[in-house]
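K.L.:
The two chains are supplied separately, each in an independent frame; assemble them into the complex guided by the hints.
So the protein sequences, as listed, match chains A and B. Take the first sequence: its letter number 175 is residue 253 in my numbering, and every next letter is one higher. Take the second sequence: its letter number 340 is residue 404 in my numbering, and every next letter is one higher.
For the record, the hints were derived by calculation from the structure and aren't laboratory data. Each residue gets a CB set at the ideal place from its N, CA and C atoms; glycine is no exception. Any given hint could turn out to be false.
[Stated by the list, open to error] Listed next, the in silico DSBU-like pairs over lysine-lysine satisfying Cα-Cα at most 30 Å (straight line):
(1) A:K110 to A:K138
(2) B:K97 to A:K149
(3) B:K753 to B:K370
(4) B:K774 to B:K697
(5) B:K100 to A:K149
(6) B:K275 to B:K334
(7) A:K149 to A:K209
(8) B:K697 to B:K775
(9) B:K103 to A:K149
(10) A:K110 to B:K347
(11) B:K679 to A:K240
(12) B:K100 to A:K110
(13) B:K679 to A:K209
(14) A:K149 to B:K679
(15) B:K671 to A:K240
(16) B:K122 to A:K149
(17) B:K679 to B:K392
(18) B:K103 to A:K110
(19) B:K122 to B:K347
(20) A:K149 to A:K110
(21) B:K775 to B:K811
(22) B:K334 to B:K282
(23) B:K671 to A:K149
(24) B:K811 to A:K209
(25) B:K122 to A:K110
(26) A:K240 to B:K697
(27) B:K275 to B:K185
(28) A:K209 to B:K812
(29) A:K209 to B:K671
(30) B:K679 to B:K402
(31) A:K149 to B:K95
(32) B:K122 to B:K100
(33) B:K343 to A:K110
(34) B:K402 to A:K209
(35) A:K209 to B:K697
(36) B:K796 to A:K209
[Unchecked claim] Stretch-level coverage of chain A by chain B, calculated; a stretch enters the list once three of its residues show a Cβ under 8 Å from a Cβ in chain B:
(37) 117 to 123
(38) 154 to 165
(39) 220 to 234
(40) 237 to 247
One letter stands for each residue in the lines below.
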Amino acid sequence: MNKDAPDALRYVRYDSARENEYVAAMRQLISKDLSEPYSIYVYRYFLYQWGDLCFLAMDKDDTMVGVVVSKLETHRGGPMRGYIAMLAVREEYRGRGIATELVRMAIDAMIARNADEIVLETEITNTAAMKLYERLGFLRSKRLHRYYLNGNSAYRLVLYLKEGVGSIRTQYDLYGTPHGGSANPSGTGTPLFQENGGDLI
Amino acid sequence: MLPNNEVRVPQPRVAQPAWDITAEFTEAAAKIKSGKLVKDELFTLFEAVGALEIMDSKMDSGYIAPGENQAQALEDDYDVRRELTPAEVVGLMDELLCHEMAWHMGHPLSQTLFTSIYLDKLLWPVPRTVEDAQFDRTRPATDLPLVNLVLRSYCLALVKACDFVHSRVAAEYFFEEEDFVTQLYNRNLLSVFDPSHFERLLDQAIDWINKEAEMDEKLRDAIRSRLVFRREFLLALDRDLDVLESRSTVNFVSCLSQLELLTDSVALGKSVPEAFSLKIQRKLASTVPPRPIVHISHEDALAHLKRLCQDAIDMQHMLDYHGPSNFKTAVWTLLSRKPQPSVYIRCLLQALIISDMTILGAVSVKQFLYDDIAELVLPSSILLQANTDEVELPTDPRFQIAQHMEGFVKRFAQPFVDTVRCACLNRCRIRRTLCHTVVDWDNLQMEAEDLDAQLRTLTSERPVPIPSGEPTYSYPLSSWAYHQKLIQLRLVLQMGFELSIYSPEELPGMYWYLSHICTTHLGHLDRIRTFTVAARKRDLMATSSRPDTSSQPSSAFHQSFRSLERLTTHLIAIDAFSIALHALYVLLARHQLLSPASSPQAYSSEKLRYELRMKPFIPVSLPELVPFQAFQKEANLEGDSDMTVLERASNAIAEARRAWETTLANGAFIEDPSSRTPLPSTTIEEDWKRDVKDTMRACIGTSLAIETIKKALAGPTEMATLEVAIPDAGSKARWHDWWVVPQVSEKKRN
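Just chain B, with the same shape it has in the complex (with noise of 0.2 Å):
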């Protein structure tokens, strides 16, 4: 169905002067028969889709409808000077706190924040001063401590706090609507005003609520609670970069500590609906059609808001730079938390991630694209020492080479970068922006490969035998590019697991396909290692020469083979685990018992769903497209039998939870072999661990069809005896979002 949603609508052109078109209309019109429907060119369907039709109650906000007074129409009775009661005051900054985290979700201020009438006497007209922010300004204050202290200085300090969120989430990379939604209305979040004034207001609130004696002290205390989680989380926000000087979170901490007191006392509250009103988005600037109010209840607000808190607390454990596969698996890791961190963090972080060029404010966007150069495919090498500074006699090779890299630098520092701030999108973009990466990668692998040429003449590299073929080149940055390439096809397929993309017919193939990936993959890191081994030898033989040279390239080579070593385990886990998940497809396929999407009568081929399916993959010149007929054929294991087919899933499986064991004793984190502490165990690798733990699960759940597959396939038992459940993405059945494991059962006898 089209979405039916004006802010996807284009920015208007660039707006001409004003002329009289009267003349020229009435001639026009004067050519069109009546009820002729004239349609201008460049009237698109974004235009369409955003156009409102006045006098329509449904699209027109200002619509009066006859008899309806138009006071009464726009104006609330809610007299915001009223005498409030404790339990009413926590009940509206409870509602108001459910409001702003509905914000933080993604709906608009129309719909939230903006529809309290308290917030809207303070924010317009837009006030000059601290002081003008009165509920009502006409007027002295009443003598209402509750309201005009506590009420109003909780309230001032939300929407400062939505200041330093929108002004976040603005700077980074997100998608309007998708994500977020930037628009004010023409209000004004109190951007102009320092912190210190709602903080001071917050002080003096909570020195009066302190004083009153008289109050029922469970509600006292529920509104100090509620005044400090908010004085804590203004400061929070206010100094959410300071974490990379200070890693500290203790504001975070206390907002958490707070919350606990204040989930506590929710029920206390009484609500005051009528403090909030749909009536005030017909004076918001704004051409969008009346929309109900959001509701969302308070669990799922303090959820949102919790979640928020702990993962910005738990981002400090990522702050310190360990080298690049470390900070990559960190990054990965916060971000694929479930569910996914809000917006504002996955802002926050790209923030802290690169700005000026500079890795979590430590590390050159060069240094750390050399690290991973280094760490891959090149732990000593003349291409990442040479210097410009340093030999300046543009004939010698070392100034030549210095010039090439830093060409190579400015070209793919930028997107090195982009494929770890990729997982701050939300997890369809991830998936949408990986596909088009992919494509660009292809191009830059090609670029390093003519780069790779160049520099070897300057190296004057010699051609290292490689078993299974003649004597050839390293390519070292081709090799590292094509690295990164492979990874971002493999995220493209676990990706589309994860979002449900494919369905029960694709299964077999898109497993098989993974495998492949993988494979490849594989088969270019032990191309990389034979090159590394015999620049090791070369090393080796130069040193024993020259026994006074230092051991430094010795501890870049032994990290880097480590890596490999790392990187190949890990592949192979995954590889075993689709081997295994696509020969258990391919049985369930062979017998029927998995129902497909697509019925015979469909308008598509196999061989075109096959198409469209490897669409993101088609630019890609390496490695190379599968052609249909032999993706058919290595997607059904056609020609082996089903107890060939077994026997390749059981061992398949036998040999992936081996892998995961061994993956996971190999831990989230490379260990600094030069630093004498350990790397302190965080909440991040936690959650690392617990996603292989996870992975581990769904490979005995995988062990267990097998098993019952096999038992039908001997009998006693038949295969058309047997049923299948795929159980969906995010269920606990799933065990593992990127592994679809089927859930094989003998059929119930009724």
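Bound conformation, chain A alone (with noise of 0.2 Å):
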């Protein structure tokens, strides 16, 4: 069999004892694509607290080629909200539905620990990651202006996993406001627009 045919790949649960070994791979496999790299705390707030939904791809010589990060928690005293944060495939090896089969895993594993609701941004660039995650029911929830460090928008993309999810209340949440304009020198006197919908997560 050649060496790049998929049967040879290994789909793999993170594993907190390999963290060495597997954190430095990822780094590696997630920075490519990024201008900037995120830091290490970055990925240690992810597998920390939720090693579980972290998924990786081998090859046949263990060579990491792709990974999912996420994570999976109450959304401001609302839903269960799964967050995939990170997914990165390496270049040779994309269009062959690893990212799919890594996003499936984490999306099982979070409907297993009963997630309410799954969300992430995309690049709005990145058509590719938008088809991946639509053809799996996921919607465009809202336009992100300016997003990126590279001045990029995004979309929120949201998948509802159980009934009523949209009707579950969720409290307001100060991280989630955005700073713009908090001073309001113009004498109006009162805030304007409350949006609460600003959150990065």
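P.N.:
Below is the structure:
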């Protein structure tokens, strides 16, 4: 069998016992597509708390060729919300459904842990990623203006897993409010546009 | 993908006094195994994303690699005292302009203007006097007027212009990072100095250049036009609010004329890339990783600047208040220009629209609110006329009405003004904000309903029989609030089309929903009209018994009926077009000509996707959310044959075309009947017309698509031989962002 055949791939769950080896490979894989790397704390933040929601694709030489990093927690006292934070597949391995498989594993794991919904953001120029998630049933819920450092905008993609999620009330989140114009010097006296949807996650 | 963006980190918590924790730390550390990870419960993702790894060259801007010389790593050897050729000066000025515009577009100073070594020398250390701001403060200036007078005055005026832009934006409502980056890195944009210093310097520089007989004429003209532009731009920004008084945009007009000359001479410039350096980032007080210099092309920079000037000039056409609907139309139209006006323009507009609770510096917020209510629901009513100043007897109903109305104004004025100001946000934020304000207005409507009930006992209102119903009360204030909400619901959907939120398989349903909202709105306007007609009848009866009364109510009624008529025509146009597109998409979906984004293996069902799509409307009590089964039936036109659906599409598009024709003929603005002179034609009106004409083109495109389907359904071509393309928003084939018109054609035979 040819070494590039998908059959040669192995999908595994992240294992904290192999942190040094896995995290290094993961960072390398993910940083490749980023102008600026995430700090080690970002990886630790996810893996320390939700290592079981992180899945890896390894080739037959046990080299990491794909990774998905996610988390799952109650969103502002409301629904149990899954978040797919990072997804990367090595360039020469793209187009074989590895990313879809990884995302499916993450979603299945979240469903098993009683997730109500799953959200993520993707750059609007990243049509491949959007297609992937939309095939899985995600919808674009909003567009985020100049969301990334390079000035590109993003779509928030959302997948509801249960009925009634849209009606679950959430608490107002201070960290979710936008920072702009917090001062209101125009003298109108009252804050404008209470928008509580400006959350990062 | 998670964004990597440190400024999204929340503000640090309040600092506490420092104390020595060595002992506590050692004790705690002794209890855990080596290599074990400890996470503070309060350590958030925001903090993780904002963290930097010191000694990592990609994250630590102060990192000096082994073997790297500290002086070399931090200092540039570019000599700001060196002589520059006129071509180099032009090149430097244009490069600085590109950086200035990149900053206007939302990039941080650290990656744009603050990469200029010349600017760095002028601004750091912070100069105490204008004289202090020299390229080299350590030695007396060399006798190089091209550098020390011409380039220096240009740079100083540029920085001062940035100071004006910075304070204008920071004073208004904007989104940090999304729209603009306000970070100054402990530098100061010469804010303490009066702009007259820099105008004087520019004048000296212009005088000098005019006398330079030996310089190549073209280069001399190029430098002069850049200096003149700087002076005019500085003046324009300095006096940007004066336009309310002066109605003059003369400085922006001169900027535009200089920009013509400037554009023609860009090619004369010689770039001096070594005068810009990333090393300056290492000195800027910031915790940001090193980030590359942002390069935008001269064309993009000049195009941005030209649009900024043009938008600023065109703004003067909306400064005269001609009633609420004209004002709202002008604001929305100007801000819907493509590309959207820059953040500076959007902030300037906010300042002009409302400051000190005054609209356009002329009309009180209360008056604006009352005008709008009068135009829609109460052309002549004691509610808007009662005044506590005139009636002081607390038992008098008029006194009580006035008191109730005062409370109403307090509660509703701000949200109402915000419905107008909302247009000043970036397009994504407009939609997101609407999703929230729709819920606020749902509550406001309920409050208004209570108020209506109290007021009608004070006015002794008599119920009016409405067609198809019992006698009922008018509920004027809540009717008006409901109207606001219905506009917002419609805009949420329309902005959704503009921002490409909906997937192909959602299009039939979303156009059905749009028509559903329009139909509801039309029904609401009918209800309002019934009460206005009844009020008019009462009014006529009252005046016929008192022939000496003025004709003022008559013209108010006339204006209100006309306004209702215009709103109705516009809504019919939108409604009919949505019905046509809905029917067309139903046919495409039935015949598998729409490729859906979701696969059969999707995790979500159509029902779940419907719930997600309707999330903003779930908390809204009126109009009630359409239950999924009913929605599905309507959206798919279940039970209707293809021919019935086709006929529906044909009829609707014909009606849409007529209604858009009438809308165009009605014009953007309502003429004031009391004014002798008609409203002057303006660029904003042209924009509005172009928008309607684009919509009409989209109608024609829809007609063509319907015709193609009709032929296919009738044979000889078959539906299976057709293919469908959905043009992207912003593309030429799209005609109008709000109308997703499919291109239906026969498949090319291979």
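K.L.:
Among the hints numbered above, which are violated by the structure, and what are their numbers in rising order?
P.N.:
none
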